[in-house]
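Residue numbers (the UniProt record's numbering), protein chains in the order written: chain S, 1 to 589; chain P, 1 to 589.
There could be a bad hint or two in this list.
With a cut-off of at most 20 Å between alpha-carbon atoms, the simulated EDC-like pairs for lysine to aspartate or glutamate come out as follows [to be verified]:
id, chain 1, residue 1, chain 2, residue 2
1, P, K49, P, E82
2, P, K334, S, D174
3, P, K226, P, E281
4, S, K336, P, E168
5, S, K148, S, E82
6, S, K334, P, E587
7, S, K226, S, E281
8, P, K284, P, E183
9, S, K148, S, D205
10, S, K541, S, D17
11, S, K226, S, E183
12, P, K148, P, E82
13, P, K336, S, E100
14, P, K334, S, E239
15, S, K148, S, D17
16, P, K336, S, E168
17, S, K336, P, E587
18, P, K148, P, D187
19, S, K334, P, D174
20, P, K284, P, E145
21, S, K226, S, E239
22, S, K336, P, D174
23, P, K336, S, E587
24, S, K336, S, E321
25, S, K284, S, E168
By construction, these hints were calculated from the structure, which means they are not laboratory data.
Each chain is listed here by its residues.
There are 2 protein chains.
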Amino acid sequence: MTTYTAPLRDMRFVLHDVFNAPALWARLPALAERIDAETADAILEEAAKVTSQLIAPLSRNGDEQGVHFEAGTVTTPYGFREAWHIYREGGWVGLGGNPEHGGMGMPKMLGVLFEEMLYAADCSFSLYSALSAGSCLAIDAHASEALKATYLPPLYEGRWAGTMCLTEPHAGTDLGLIRSRAEPQADGSYRISGSKIFITGGEQDLTENIIHLVLAKLPDAPAGAKGISLFLVPKYLVEADGSLGRRNPAHCGSIEHKMGIKASATCVMNFDGAVGYLVGEPNKGLAAMFTMMNYERLSIGIQGIGCAEASYQSAARYANERLQSRAASGPQAKDKAADPIIHHGDVRRMLLTMRTLTEGGRAFAAYVGQQLDLARYAEDAGEREHAQRLVALLTPVAKAFFTDNGLESCVLGQQVYGGHGYIREWGQEQRVRDVRIAQIYEGTNGIQALDLLGRKVLADGGQALASFAAEVRAFSLDAPLHREALQASLARLEATSAWLRSRAGQEPNLVSAVAVEYLQLFGLTAYAYMWARMAATALAKRDEDGAFHEAKLACAEFYFQRVLPRGLGLEASIRAGSGSLYGMSAEQF
Amino acid sequence: MTTYTAPLRDMRFVLHDVFNAPALWARLPALAERIDAETADAILEEAAKVTSQLIAPLSRNGDEQGVHFEAGTVTTPYGFREAWHIYREGGWVGLGGNPEHGGMGMPKMLGVLFEEMLYAADCSFSLYSALSAGSCLAIDAHASEALKATYLPPLYEGRWAGTMCLTEPHAGTDLGLIRSRAEPQADGSYRISGSKIFITGGEQDLTENIIHLVLAKLPDAPAGAKGISLFLVPKYLVEADGSLGRRNPAHCGSIEHKMGIKASATCVMNFDGAVGYLVGEPNKGLAAMFTMMNYERLSIGIQGIGCAEASYQSAARYANERLQSRAASGPQAKDKAADPIIHHGDVRRMLLTMRTLTEGGRAFAAYVGQQLDLARYAEDAGEREHAQRLVALLTPVAKAFFTDNGLESCVLGQQVYGGHGYIREWGQEQRVRDVRIAQIYEGTNGIQALDLLGRKVLADGGQALASFAAEVRAFSLDAPLHREALQASLARLEATSAWLRSRAGQEPNLVSAVAVEYLQLFGLTAYAYMWARMAATALAKRDEDGAFHEAKLACAEFYFQRVLPRGLGLEASIRAGSGSLYGMSAEQF
Chain S
1 MTTYTAPLRD MRFVLHDVFN APALWARLPA LAERIDAETA DAILEEAAKV TSQLIAPLSR
61 NGDEQGVHFE AGTVTTPYGF REAWHIYREG GWVGLGGNPE HGGMGMPKML GVLFEEMLYA
121 ADCSFSLYSA LSAGSCLAID AHASEALKAT YLPPLYEGRW AGTMCLTEPH AGTDLGLIRS
181 RAEPQADGSY RISGSKIFIT GGEQDLTENI IHLVLAKLPD APAGAKGISL FLVPKYLVEA
241 DGSLGRRNPA HCGSIEHKMG IKASATCVMN FDGAVGYLVG EPNKGLAAMF TMMNYERLSI
301 GIQGIGCAEA SYQSAARYAN ERLQSRAASG PQAKDKAADP IIHHGDVRRM LLTMRTLTEG
361 GRAFAAYVGQ QLDLARYAED AGEREHAQRL VALLTPVAKA FFTDNGLESC VLGQQVYGGH
421 GYIREWGQEQ RVRDVRIAQI YEGTNGIQAL DLLGRKVLAD GGQALASFAA EVRAFSLDAP
481 LHREALQASL ARLEATSAWL RSRAGQEPNL VSAVAVEYLQ LFGLTAYAYM WARMAATALA
541 KRDEDGAFHE AKLACAEFYF QRVLPRGLGL EASIRAGSGS LYGMSAEQF
Chain P
1 MTTYTAPLRD MRFVLHDVFN APALWARLPA LAERIDAETA DAILEEAAKV TSQLIAPLSR
61 NGDEQGVHFE AGTVTTPYGF REAWHIYREG GWVGLGGNPE HGGMGMPKML GVLFEEMLYA
121 ADCSFSLYSA LSAGSCLAID AHASEALKAT YLPPLYEGRW AGTMCLTEPH AGTDLGLIRS
181 RAEPQADGSY RISGSKIFIT GGEQDLTENI IHLVLAKLPD APAGAKGISL FLVPKYLVEA
241 DGSLGRRNPA HCGSIEHKMG IKASATCVMN FDGAVGYLVG EPNKGLAAMF TMMNYERLSI
301 GIQGIGCAEA SYQSAARYAN ERLQSRAASG PQAKDKAADP IIHHGDVRRM LLTMRTLTEG
361 GRAFAAYVGQ QLDLARYAED AGEREHAQRL VALLTPVAKA FFTDNGLESC VLGQQVYGGH
421 GYIREWGQEQ RVRDVRIAQI YEGTNGIQAL DLLGRKVLAD GGQALASFAA EVRAFSLDAP
481 LHREALQASL ARLEATSAWL RSRAGQEPNL VSAVAVEYLQ LFGLTAYAYM WARMAATALA
541 KRDEDGAFHE AKLACAEFYF QRVLPRGLGL EASIRAGSGS LYGMSAEQF
């Protein structure tokens, strides 16, 4: 009952028509030799097959069967091993990886679309791949040449998989509190000891080896977050010839029983003097890990988009089939006992809310991907820096806003089904359970909001925001549609930001009291920019494929009329400040 | 790990201090003889024991074990039978029942507080009782004296339980489409045939008999909703002496596998010429069923409040214990490695949002309960009619707004826990799954919104709304706190209503396009009225119990500053109308 079709037409619209990615690739030498429009389309079509035909059919059973843990080993659900084999043979783990070590070096703009398909097909399966790809990024950016040469090729190949081991029972958001220890050895390696929790793919039966990236403290390290180092700890030690040696004492102690993503093994990992290798500088582990975390944050954000797209497809299909009551404007299917519910205003409201949030998110993910590509591949240092500043600013927005919208959309997609959405049969309830984790892991959405407002907007004196705002304003001046609404939304975001800047100094709790609403206001404005761009493109292309582009124009209209006004309430709530949050003592809660 | 403490102090605040229920009871003769302040408190204390000590401890296992179906019989989870026995011996099923037939005749104002405790303890267990109490209401209001005398006493006793059988696979919201048939028999009874789905407690092992209230069509009944009759169909036929006779062919064919409320049996019921008895007039079954449904709608709304309260208690406790990072205003627990997260602004924002929505809902439930009591027991016909008009207006608001806020609150309560909220251990994820159904069943929240705006606000020319608005305005004139904000919110609701009234005639899709946002705007205003009343009471009583009443004042402040502004965005979205929903054909979705 749960089918998923990759929205290739919509993806090409974003990639080719709205952002003209091939033109960008052509002017970036590193990418020009690897990809063009045809290659990109071929990759997307192959990705569509793998995700919709190979992975999506495993999702329902994966949820019901879950992962099984016994005597330290994890068994993934029926079909996962075979699917992983085909998936890794296709080279998908290394899609964005460094070609020097076996990666395909594909641009992130393409990567975000692939990731959306992957999460739409099945969140649990996706995570084994996403964590691995993220760990490769951290290794590639910070590890020694020797470590890179040994570990990256089999990781990109998917013969091995990577994990990120940060959280401990008493240290989640506040990693400064971790207790895991690393003892230096005479041979330059370390012995890692400690317990980590919530480790995705900490143990599994998909790959020959598992490469843990572990945060731990060196002896005499400074207290807190400044005393954290990053270590690479393989499940099996690797011999000089690349073959697997003895088992490292890095064992899975148990797995969690969760609300969703049940086919993803969430492990307690116990390191008992396991051999590890330092990645990057001593005591700079958090910064090195952030290379991976920023990548993961965008990826996890895309989990929200993928789930929402899958839920939308299912709900839209059901709304076209389910007959119930007559439309308010008169019978639409006179030969039937009732009209398809797609004709009821409230059903359309739900579907269009899902769709405009999902497509707005897809465009914004591609936009952030574009900035990531520019930050990495642009020849001009100024252009790279500008793009990097935008990436830093927009990553927390993407992670949190995509996933908040992901939950909202999946809940709406379940609601369209009425009682049938609450039972397992149609898959809509699984999507709600699966997408919910995305607001929590890789830094809760509250932490993303603090990062955005505190570090990215206020701490730099507003420079990054000003860059983004200048781009939006410049676009708006020539926007053929929705110009005033876009400018008003931008003005609201800027005025609210300025107000916060003027107040944050005197009101220490202000940032944390309003950050979440600020992030949502930011996200709404960013989507307004995306919808204005999509509308402009659709208007220009209307003659080519009328029905497709008319639908884009109609969606843009809905977004500006019915979704964007949420910003009014958010602004008012932000401007009310932190005072009303601190009228009670801790005990009065 | 999942503990629940009935918030007796807060409940007494609402019952005694805000609404002065004992004074109301004293002036209504039927109630004056049954209840006073002391009796009410004694009942609440007993209810607190039963729900928190007997039922709440069963919730986690109930979720994990679920109900078991085999060969037509349903087995409830471990402990449910024993708990039901104690529960029914306490007379709780008949708490609000008609004393002429063995009910306790307690006022609804008390009933809503009891129901909140029950849902907070465990939703699944609650449903067996709630459906039974609702079916008694329909029987009491519409059945013959003979049926009442036979069926009500054992139902109130909880020896038997009731169900409501409305939905068929092709007929949910649109009950006019049902196909179940009733054939008249020579003895005045009927033979009922047809299949019903989503029947809560359709089969179970808690009671000796199960009494189904079934919607079906008589031969030659008018088409659609005007041709529906209501029948009482017992699982076992009842002999003249009240003993159980032969098994009626009303069998459970299967049960659903659901997202939550897993200990509640959701049954497919097959009626194969089962003996049934007409309740009320032929072809007036839908009206008769609405007696039950309106009761259930308020009850299901209260499911949202109960779940939210339980989630809040758990989250507030965790936030006081969990140490993570330092407060923005400086260290709060200097002797510890980090501060309790209750000191972080975003955690307070989440907890206060939960709390103000939950306590606003509790007060509003008591307010609607008060109107129900007046509608039933007031001596003056005008007073009864006025109250009945308010009940009709406010019931859809209660059902939908309570449950929307219930999901929001349970999601926030899970978010406070971070990753620990996503795993089963702490119970927060179960509450999200359990509360989610409440937005769907007993008429989806979209249907509640249509009922509110279409039937209750626009169809009567705005009389009911004007009554409610007059009361709110009258209170606001003397409100010692939040006067302007309350008046502004009321003015926004009235202006939006007037605008809708002026437009609905020309724009047939308008009502269904904006009804959900209108209901939320209405709910926010209703809660503003509740919070202004609670603040006024707390201000007056501040000398008595400072900390308790200061907390109420602080919560009111938060509600007006940070929650109520949502109305701004809702109003703007409503005023954008239906146009942007109909720019696409059904196929373009």
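Okay, the hints, checked on the actual structure:
1. K49(P) x E82(P): 16 Å, holds
2. K334(P) x D174(S): 16 Å, holds
3. K226(P) x E281(P): 12 Å, holds
4. K336(S) x E168(P): 17 Å, holds
5. K148(S) x E82(S): 28 Å, violated
6. K334(S) x E587(P): OK: K334(S) and E587(P) at ~17 Å, within 20 Å.
7. K226(S) x E281(S): 12 Å, holds
8. K284(P) x E183(P): Satisfied, since the Cα-Cα distance of roughly 16 Å is no more than 20 Å.
9. K148(S) x D205(S): 24 Å, violated
10. K541(S) x D17(S): 9 Å, holds
11. K226(S) x E183(S): 17 Å, holds
12. K148(P) x E82(P): This hinted pair is violated, its Cα atoms lying about 28 Å apart.
13. K336(P) x E100(S): 48 Å, violated
14. K334(P) x E239(S): Violated, at about 48 Å.
15. K148(S) x D17(S): Since the Cα atoms of K148(S) and D17(S) sit roughly 37 Å apart, the hinted pair is violated (cutoff 20 Å).
16. K336(P) x E168(S): 17 Å, holds
17. K336(S) x E587(P): 18 Å, holds
18. K148(P) x D187(P): 19 Å, holds
19. K334(S) x D174(P): Answer holds: K334(S) to D174(P) is near 16 Å, not above 20 Å.
20. K284(P) x E145(P): Holds. K284(P) to E145(P) sits at ~18 Å (cutoff 20 Å).
21. K226(S) x E239(S): Violated, at about 33 Å.
22. K336(S) x D174(P): 13 Å, holds
23. K336(P) x E587(S): 18 Å, holds
24. K336(S) x E321(S): Cα-Cα ~12 Å, so holds.
25. K284(S) x E168(S): Answer holds: K284(S) to E168(S) is near 19 Å, not above 20 Å.
In summary, the structure is inconsistent with hints 5, 9, 12, 13, 14, 15, 21 from the numbered list given earlier, while agreeing with the others.
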